[in-house]
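**Q** Going line by line, the protein sequences match chains L and B. Numbering-wise (my numbering), the first sequence opens with residue 16 and increments by one. Numbering-wise (my numbering), the second sequence opens with residue 275 and increments by one.
Since the hints were made in silico from the structure, they are not lab data. The structure presented is a predicted model; accordingly, all values stated were derived computationally and were not measured. Built from N, CA and C at the ideal position, the CB exists for glycine as well.
SDA-like mimics (lysine to any residue), calculated; alpha carbons at most 25 Å apart, straight line:
id, chain 1, residue 1, chain 2, residue 2
1, B, K364, L, A115
2, B, K364, L, A121
3, L, K120, B, R399
If the Cβ cut is set under 7 Å, some of the chain L residues that face chain B in the computed set are:
id, residue
4, S24
5, I55
6, E56
7, L107
8, E108
9, I111
10, L114
11, A115
12, G117
13, A121
14, F123
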Amino acid sequence: LAHYLFIESQDPFEDAGTLAYAEQAEALAREGERVTLWLIENGVHAARAKAQLPMRERLVAAGVSVLADTMSLRERGIGAGELHASIEPRELERAIDLLADGGTKAVFH
Amino acid sequence: MAALTFILEDAPYSAARVVSALRLVEAALRAGHDVNVFAYENAVGLPFAAQKPHPNLIKGTGVEQEGHPLPKDWVAALAKLGDGNEGRGKLEWVNCGLCVDERGTHEVSAGRRGGPKDLAEFIARSTNVLCVGTR
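Okay, chain L solo, but in the shape it has when bound (with noise of 0.2 Å):
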């Protein structure tokens, strides 16, 4: 199986487009595939609990993991506290492992 990395730096309450890339995460996971969601800069503004995005429940039902950029969530104020339960912080040299890995296929959005 392939492992599909999809980079999301886009404001999900500003691009529209950001519901069809998560579509595509979301089809690919429930096809069987290993996906991960990567917010980073404005995309991390859907790691907020609080904030209402139903897409959010789907993606975690399906399988993919979604993962925060975690000086994308300083910049904006975003505390741990404050993180969606499905959603875990990470440092950006864990995209660089995924990236190093041959099976990888990546996307920035």
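Position chain B relative to chain L; hints supplied.
**A** Chain B in isolation, oriented as in the chain L frame:
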């Protein structure tokens, strides 16, 4: 160790993606991976040597106090970091020559002039490729 290729398209000062892309390059080099960067379109302005810092007239701070960051310095720092020493990876940065000619950004702080052939070779020898494209 892997070899990673990053394709950049955004101009300096234009988008947070520029910073994210350079952060990825730095992290990869520090992890010991060799990195190729192909700067396309307005990204050839990233190492443009004529960039100048400026004061902040609103705050009344001078050039030194402001410490205005310059992308050309970031690229130069990455080139220095990517020397392949002490377990770090090697960086090869290529600026699209046609894009440079169009924009007149010939003098650069780091990297060399190249073309699509370089990009094809980068891709052929890379473990992975990530395009951080313009939106």
